[in-house]
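*Asks:* Assemble the complex: chain A is given as a structure, and chains B, C and D must be docked to it using the hints.
Protein chains: 4
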Amino acid sequence: MIVVMEKGATKDQIQHMAGRVEALGLRAHLIYGTEHTVIAAIGEKREHTKESLESGAGVAEVVPILAPYKVASREVKPEPTQVVAGGLTVGAGVMGVIAGPCSVENEEQLISTARAVKAAGATALRGGAFKPRSSPYSSQGMKEDGLKLLAAAREETGLAVVTEVMSPEDVELVASYADVLQIGARNMQNYRLLEEAGRLDTPILLKRGPSATMDELLLAAEYILNEGNPNVMLCERGIRTFESHTRFTLPLASVPYLHHKTHLPVVIDPSHGTGHTYLVPDMAAASVAAGADGLIVEVHPNPEGAFSDGYQSLTFQQFEQTMARVRKVADALGVQIASQSRRVTV
Amino acid sequence: MIVVMEKGATKDQIQHMAGRVEALGLRAHLIYGTEHTVIAAIGEKREHTKESLESGAGVAEVVPILAPYKVASREVKPEPTQVVAGGLTVGAGVMGVIAGPCSVENEEQLISTARAVKAAGATALRGGAFKPRSSPYSSQGMKEDGLKLLAAAREETGLAVVTEVMSPEDVELVASYADVLQIGARNMQNYRLLEEAGRLDTPILLKRGPSATMDELLLAAEYILNEGNPNVMLCERGIRTFESHTRFTLPLASVPYLHHKTHLPVVIDPSHGTGHTYLVPDMAAASVAAGADGLIVEVHPNPEGAFSDGYQSLTFQQFEQTMARVRKVADALGVQIASQSRRVTV
Amino acid sequence: MIVVMEKGATKDQIQHMAGRVEALGLRAHLIYGTEHTVIAAIGEKREHTKESLESGAGVAEVVPILAPYKVASREVKPEPTQVVAGGLTVGAGVMGVIAGPCSVENEEQLISTARAVKAAGATALRGGAFKPRSSPYSSQGMKEDGLKLLAAAREETGLAVVTEVMSPEDVELVASYADVLQIGARNMQNYRLLEEAGRLDTPILLKRGPSATMDELLLAAEYILNEGNPNVMLCERGIRTFESHTRFTLPLASVPYLHHKTHLPVVIDPSHGTGHTYLVPDMAAASVAAGADGLIVEVHPNPEGAFSDGYQSLTFQQFEQTMARVRKVADALGVQIASQSRRVTV
Amino acid sequence: MIVVMEKGATKDQIQHMAGRVEALGLRAHLIYGTEHTVIAAIGEKREHTKESLESGAGVAEVVPILAPYKVASREVKPEPTQVVAGGLTVGAGVMGVIAGPCSVENEEQLISTARAVKAAGATALRGGAFKPRSSPYSSQGMKEDGLKLLAAAREETGLAVVTEVMSPEDVELVASYADVLQIGARNMQNYRLLEEAGRLDTPILLKRGPSATMDELLLAAEYILNEGNPNVMLCERGIRTFESHTRFTLPLASVPYLHHKTHLPVVIDPSHGTGHTYLVPDMAAASVAAGADGLIVEVHPNPEGAFSDGYQSLTFQQFEQTMARVRKVADALGVQIASQSRRVTV
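Chains as they are written, first to last, in the numbering used here: chain A, 128 to 473; chain B, 128 to 473; chain C, 128 to 473; chain D, 128 to 473.
Source of the hints: derived by calculation from the structure; they are not laboratory data. Fair warning: there could be bad hints in the mix.
As the list makes no split between identical chains, a pair holds if one copy fits it or if it spans any two.
Capping the alpha-carbon separation at 20 Å, the derived lysine to any residue pairs in SDA-like fashion look like this [unchecked claim]:
hint, residue 1, residue 2
1, Lys134, His403
2, Lys177, Pro259
3, Lys455, Val221
4, Lys388, Tyr405
Chain A with its partners taken away, still in its complex shape (with noise of 0.2 Å):
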């Protein structure tokens, strides 16, 4: 921690700071600059540290050295993580495919999606149970007996399930029926569902909020950690700018960087990261080559008729398309798709 004084700081200001650093249990390292003096906050970082300190008279800035997560660095643990989850493998060379219906509708839609993305190389299905959804008039999905479709359509096919759980009270239940349960960009700071989260040992894919910095997001990763479940994959799926051409930014720099702090897998969703069907296909090639452990896509048999999300859903087509896309650049670069999934049953 450094704690940069004001210019015109007055000496007690500055022998007053150095007393709280000390008080805190840190040791004071002065260094009288041209025109600053800056106080270096020697020893191991604690709780309220920066914010405690930030207010003292005649402070001007202070700058955490220290990186505020710790279990999700890579500092701690340099080997990358890899999640294994039924059929799916996500990490440490393995790139997983996840693809399916934004909602679980009904059986025919989900078995046929599940079908087909599988034919054309994914490794587990997505499908929301439960939806998070703006407004209270839209439709807040199938709830349990959409989970018992999921399952189902894994008994049929394989495919590992992966699928959003909202409440900490519903953990159990989806925990229950899924081998992955994605928590969304909007509960990415419920701690309290993290906290649950963290209790299992069931993976979790853990989606950026759209405005959560880097910090946040391995912060919220941190309470799962923190709990005893080493199971997280971290999903971006873009973040809100001013561009309105596309429905958020996926800004793909997050892999290479994330790859950097953490040993976590890094998964991109290029549906929500665009909102736009025709730029889905690109934006997964890209991602893999940006070096992505994973993907997440919408897949549905009938996008136009799809409940939600149709606007940024692939066919089948498009998907088998997009996964051939996705297999060239992968093949290119020594990145194993894991599509031989095993049988799974729960």
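*Replies:* Okay, now just chains B, C and D, sitting in the frame of chain A:
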């Protein structure tokens, strides 16, 4: 709803989309422009209409004409809503001032703050007992013990109590102590929590998420209103932008914009909205001039020693000076600050 | 300058960087933390220092301590700068109000507006003769003919003339007619133009670019100051964010922030800052309460028929009402609106 | 153009607006919805139409149907444009790779870089002779001496020369040395410069401003095209968002989006787009997979000692490795990197 067809859309595609509009129970009205054909979909809006049409072949864009929220809308209720919660009155020409520490830390801290902010003109006391924290290693608050201290401070000062609730299962508990439940920015789209809050009639202070659009904020309010709780105050607390010299960017134009669109009162949080103590007084005064119905301000007996948010908290003296400035502007513009609180007991 | 080394930085890398710091004429001061080594680089800052150190092997981050601007800084000149330009006075407790049409269209339009805004209390007339337009198919302005009309309006009303200059080669021409040269948001980093403007002593109204940081704005001012022109007014006109219900997001915290960092006066443009007529009056009043030294507002005799920006222009009557609200706030806060303009001729 | 009237718009207001639409030479077509009346304005779009209608009494919104740009549009010219400039070919299935230092510093630096990037497969040399710098205290470049060194490097290597022009008066000079004129992000809306560049037929590399919308970028291109120069390459170099772990946010979805809207080729700048050397290789590969027609990459013999941008420059070896990765993706996707440059002399 206006469906704009692509320039090259075929006659078949246009006919198909017109058919889809009719199938949704709307009337399709075709307009042949110089370059584009446009289909006006006339009738009451239904769920999924926009999404469903957007993915149609040959469709360039779907432009909604009606706002997605209803009960929150000024079209539905032209006169402004006034929310009364114990000693706090907000809206319809009366301004409420909510002040207090970020976190409830102990009795002495809370009671002294309550007395000081009341003396300076505040009408409600804020203080967090359940604290959402970005890091799992930060203190999560005093929980029910904090609520008890808040109730005791109300007992002594008559100030209304405003405090955050983070999870649906805590709603009942928090409501048994508080006059106003705050739903924080991170939980603006925690729909279970919104629904639970909607089942009470305790007033709700709903904070805008840092990347929420105005429509999303009003739809979140709609979740509460739709369950039957009419006492919703909207709170602008700053949005996330590229600016880093302030913690968030505080867009005061939200005040007249929201007044134009909704009958719900609008409260400004200049503490989170700027993130720096020295910016709070001017932004508090500016909020009043912009027409805000309320203020929520962080005040602490000793910001340097605060558990959280010290860098954006005012001392008692700074709050007194801020209130003096706020009162000048309010008086000049004929806005009443309801400082004469009634004595309230739970 | 603080050079933070990576956790795993080798002794050699640390020695190498310390050597580089010394080679730049700075003193290197090493601090060995629990996990990271930090090098404080002491001495006057030089060009390229940060950039040059940042790319060193083993360097995690370089944190500058000194602001990059100098002459604009309040550390260098603590007392506020007051800019006087004909009938317009801005800064140091005096507020100036600049009003008029977006584009100069014809004599009748301009003179009637000049009379109306003067009657309502404006102290300067704005009007574009050279217009930067996003599209090559939009009208580019009346050019010198427009300047002549502005000068004629000043002749009659005594209002100072504020008008935009877009290109270095026009600076002399525009300055021969105008009291204040406006440098628009799109040209904030047109360095040739800034330098040319710096060679005059005609006051400059420098608008913030919609994605410029505060440091970039102050460095742009520094280009002008550095050439010898001390008469710079900074103008906040809104930034580009994800918000689309306003044309730009107007961050009024810029006012107290800039007052803290610089002695230059700060003018707010609530017309561009919101992009909607109905939001302008409240934001104008809020600007004054936030401490703004001036306002620049678009006013048009018939906004519906305006060549440009009609949707954000006030009618004469709306401007009069806005000024009434502005004056109430200014009076309450002891801010003088210098409406008694002297008669000025070129 | 669709004019949406407010819910409460009076019959008179509707008639008045319909009249205004007709007065603009358009045909007004009224649609009476359940709650809103909508006026479709049919005919070719004219200047000021949207702005002019937007300020009408009773108007809620004006929705443009036609894109504001014409010549740049794919509707006007469906086949992709290929730009050829000396040894550089960009577009229509051929990818160009532009590499070199941020600033031209001296002969040795430039020649060694030119040789190295050519050996690694680049087809053009970049290097700034005129440098736009945020601070007046930073070096502004070698100017014409730098241009001479660039021309000498071309003489020896056959690489095309890409260099920035900052001001209209320098266009002729720079064009006498360069194969491609770069217009930087800060100058994207410097209309005089765009017009001047449009009077040549030297290819232009037009960089997107960090807060420019896609429409604004295409309108800036339109300024050049409209003057008669058809050789425009668009360059995405990152936008300004709340993200601070990268210097800018690089939205690769710009590539397929622009390919959908315009026939002009799209070049990606992963150096400015990320701001960190270690992120460049993956983002370069991802750009190719996203369909980019070209790359522009900063390379320096000794990034630590670079005058500028060292922290985002690649060493020769890093560039070679990047090109190996880029080539794998290009080969896999059937994209040709035109590395066989012809010998060119000025």
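*Asks:* Work down the list of hints and note, for each, if the structure agrees.
*Replies:* These are the hints, each one checked on the structure:
Taking CA atoms no more than 20 Å apart as the test, Lys134 paired with His403 passes between copies only; the shortest distance there is 18 Å, against 51 Å inside one copy. Taking CA atoms no more than 20 Å apart as the test, Lys177 paired with Pro259 passes between copies only; the shortest distance there is 17 Å, against 35 Å inside one copy. In this homomeric assembly, Lys455 and Val221 come within 20 Å of each other (Cα to Cα) both inside a single copy, at 15 Å, and across copies, at 19 Å. For the identical chains of this complex, Lys388 and Tyr405 are inter-copy neighbours only, at 12 Å across copies versus 32 Å inside a copy, given an alpha-carbon limit of 20 Å.
Taken one by one, the earlier hints all hold for this structure without exception.
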